[in-house]
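Peer 1: Now for the letters of each chain:
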Amino acid sequence: MAATAATSISSPLKCGLFSSTPGFSWSTRSLQFKKNERQNARKASRGVITAKFDLKPPPYPLDALQPHMSRETFEYHWGKHHRAYVDNLNKQIVGTELDGKILEEIILLTYNKGDLLPPFNNAAQVWNHTFFWESMKPGGGGEPSGELLNLINRDFGSFEAFAKEFKTAAATQFGSGWAWLVYKANRLGVGNSVNPRPSEEDKKLEIVKSPNAVNPLVWDYSPLLTIDVWEHAYYLDFQNRRPDYISIFLEKLVSWEAVSARLEAAKARAAEREREEERKKNEYEDDDEVVDNSEPSELYVESDEDDSAAD
Amino acid sequence: MALRRILCNSKILTSANFNCGNSRSVQTLSLPDLPYDYGALEPAISGEIMRLHHQKHHQAYVTNYNKALEQLDSAISKADASAVVKLQSTIKFNGGGHINHSIFWKNLAPVNEGGGDPPKGSLSNAIEKQFGSLEVLVQKINSEGAALQGSGWVWLALDKEFKRLLVETTANQDPIVTKGSALLPLLGVDVWEHAYYLQYKNVKPDYLKNIWKVMNWNYATQVYEKECI
Numbered sequence: 001m002a003a004t005a006a007t008s009i010s011s012p013l014k015c016g017l018f019s020s021t022p023g024f025s026w027s028t029r030s031l032q033f034k035k036n037e038r039q040n041a042r043k044a045s046r047g048v049i050t051a052k053f054d055l056k057p058p059p060y061p062l063d064a065l066q067p068h069m070s071r072e073t074f075e076y077h078w079g080k081h082h083r084a085y086v087d088n089l090n091k092q093i094v095g096t097e098l099d100g101k102i103l104e105e106i107i108l109l110t111y112n113k114g115d116l117l118p119p120f121n122n123a124a125q126v127w128n129h130t131f132f133w134e135s136m137k138p139g140g141g142g143e144p145s146g147e148l149l150n151l152i153n154r155d156f157g158s159f160e161a162f163a164k165e166f167k168t169a170a171a172t173q174f175g176s177g178w179a180w181l182v183y184k185a186n187r188l189g190v191g192n193s194v195n196p197r198p199s200e201e202d203k204k205l206e207i208v209k210s211p212n213a214v215n216p217l218v219w220d221y222s223p224l225l226t227i228d229v230w231e232h233a234y235y236l237d238f239q240n241r242r243p244d245y246i247s248i249f250l251e252k253l254v255s256w257e258a259v260s261a262r263l264e265a266a267k268a269r270a271a272e273r274e275r276e277e278e279r280k281k282n283e284y285e286d287d288d289e290v291v292d293n294s295e296p297s298e299l300y301v302e303s304d305e306d307d308s309a310a311d
Numbered sequence: 001m002a003l004r005r006i007l008c009n010s011k012i013l014t015s016a017n018f019n020c021g022n023s024r025s026v027q028t029l030s031l032p033d034l035p036y037d038y039g040a041l042e043p044a045i046s047g048e049i050m051r052l053h054h055q056k057h058h059q060a061y062v063t064n065y066n067k068a069l070e071q072l073d074s075a076i077s078k079a080d081a082s083a084v085v086k087l088q089s090t091i092k093f094n095g096g097g098h099i100n101h102s103i104f105w106k107n108l109a110p111v112n113e114g115g116g117d118p119p120k121g122s123l124s125n126a127i128e129k130q131f132g133s134l135e136v137l138v139q140k141i142n143s144e145g146a147a148l149q150g151s152g153w154v155w156l157a158l159d160k161e162f163k164r165l166l167v168e169t170t171a172n173q174d175p176i177v178t179k180g181s182a183l184l185p186l187l188g189v190d191v192w193e194h195a196y197y198l199q200y201k202n203v204k205p206d207y208l209k210n211i212w213k214v215m216n217w218n219y220a221t222q223v224y225e226k227e228c229i
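Going down the list, the protein sequences come from chains A and B. Residues 1 to 311 in UniProt numbering are what the first sequence spells out, letter by letter. Residues 1 to 229 in UniProt numbering are what the second sequence spells out, letter by letter.
These are calculated hints, taken from the structure and not from any lab test. Note that the structure is a prediction, hence the values are computed from the model and not measured. Ideal Cβ placement from N, Cα and C applies to all residues, glycine included. Possibly wrong hints are sitting among the right ones.
[Stated by the list, open to error] Here are the simulated SDA-like pairs of lysine to any residue, each with C-alpha atoms no more than 25 Å apart in a straight line:
{"hint": "1", "chain 1": "B", "residue 1": "Lys179", "chain 2": "A", "residue 2": "Asn112"}
{"hint": "2", "chain 1": "A", "residue 1": "Lys80", "chain 2": "B", "residue 2": "Ser181"}
{"hint": "3", "chain 1": "B", "residue 1": "Lys204", "chain 2": "A", "residue 2": "Asn112"}
{"hint": "4", "chain 1": "B", "residue 1": "Lys209", "chain 2": "A", "residue 2": "Glu75"}
[Said to hold, decoys possible] Stretch-level coverage of chain A by chain B, calculated; a stretch enters the list once three of its residues show a Cβ under 8 Å from a Cβ in chain B:
{"hint": "5", "region": "75-89"}
{"hint": "6", "region": "223-237"}
[As the list claims (entries may be wrong)] Take a look, some chain A residues computed to stay more than 10 Å from chain B by CB distance:
{"hint": "7", "residue": "Asp54"}
{"hint": "8", "residue": "Leu55"}
{"hint": "9", "residue": "Asp99"}
{"hint": "10", "residue": "Lys101"}
{"hint": "11", "residue": "Phe159"}
{"hint": "12", "residue": "Glu165"}
{"hint": "13", "residue": "Leu253"}
{"hint": "14", "residue": "Glu276"}
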């Protein structure tokens, strides 16, 4: 199968660790995206860096999730839909100020506090679909373990309760969209406002759903797991039976290893951010003058600089 | 009996004393019949799609709308404002789905029953006057439909107040009136993926191109002429 040549690059586990969000500090003051952990590799051509996101293949062959998700679905979902988002994004941003930025940056900028700019749909869908492929694996399903299971039990009561809520969210996202398990660190339930008195309990798991291309990055949450509930994701295999698709996803496809790895990364980022905020607070208290933050924080619409509620 | 069925299937909810579903006070709705066989719109729209679209999707909107209405009735009688407000979105989704699809089935017709025949009379004149030609109008509807992100509809609507035609889109199952209370739908094109995916897959533009072969301009003309005599 011609398509599998490109898809069998890495083992699922490696891609699970390599995937979407590790290494990204979500501090809106400084986005430290490590070069080798960028989600979509960018190529330089003829010594000039241009906007050229690549279509990253799933970490398994296109037929590897059969019979739960067919090869035919992948040929369209990855081969046509995901590819079109990548191609259209590249066309949209070349020569603009978004050209040269990494994907997560483009998503946050074009989300524009909900007043979406045209490239948002393509940028977010590129990210969402890669995150989705990496949320699944052949022989997936079952139940999580370790720290992830502990948090699920703590924040949902039980795995069964989590599953029920996740399925409900996915089934009731009306129209097109996504359902997510996220790690919400010190964010209050209002947009992405910062909790001024964070405690361990504020770092919690939540289930959220989002319409069309929106993803929890725009709310400053850390996504851990997603299911695509656009009809194109399940119509060939399940037609109108979205609840069946959601059940099969949980029972047979979810890669809990990937979810656990993302959780570890999210917790590390949250800890790092706490340390940085503590450091900044001490600097303000120690020095009279404001520390010059020379990072391009003005680019980020959701900067938590002086709008922090810590007063 | 026939009158009750017509009123019950009407997209306009009446508060008349017609008991549509059961003996309780809430008037529930039922799935309107298709005016043609599932396969009658082929090859433009496959019989498989028509069957699923009508028997599963539209039926689900009707079922869920009825359920929401009963829950609403209960919440109202308990003066539970919070529950009433919470039900609004599901009523909008499912009620809108029923309204929109009821129009959609009438917008389509088999080729041997006028499907695809271009509009005539006053509607045709209005189209020429406002858009230049039918081709330009179709092109506009198709490009709006192709550009729509996510799920929704493209409409040819009549602004009853200004007696003007316009092309408008709505998201999800929002009916056209959500874009303007004076708007009357003449034609709607469902661009939810369920409307075309099994046959056209990701190539939405092909679906938009072909649906005009079974478009029932007679219906649109009737609606238009009633309003714009």
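Peer 1: Work down the list of hints and note, for each, if the structure agrees.
Peer 2: To see whether the hints hold, each was checked on the structure:
no.: 1; hint: B:Lys179 with A:Asn112; verdict: holds (24 Å)
no.: 2; hint: A:Lys80 with B:Ser181; verdict: violated (39 Å)
no.: 3; hint: B:Lys204 with A:Asn112; verdict: violated (28 Å)
no.: 4; hint: B:Lys209 with A:Glu75; verdict: holds (24 Å)
no.: 5; hint: 75-89; verdict: holds (count 4)
no.: 6; hint: 223-237; verdict: holds (count 5)
no.: 7; hint: Asp54; verdict: holds (20 Å)
no.: 8; hint: Leu55; verdict: holds (14 Å)
no.: 9; hint: Asp99; verdict: holds (22 Å)
no.: 10; hint: Lys101; verdict: holds (22 Å)
no.: 11; hint: Phe159; verdict: holds (27 Å)
no.: 12; hint: Glu165; verdict: holds (17 Å)
no.: 13; hint: Leu253; verdict: holds (20 Å)
no.: 14; hint: Glu276; verdict: holds (36 Å)
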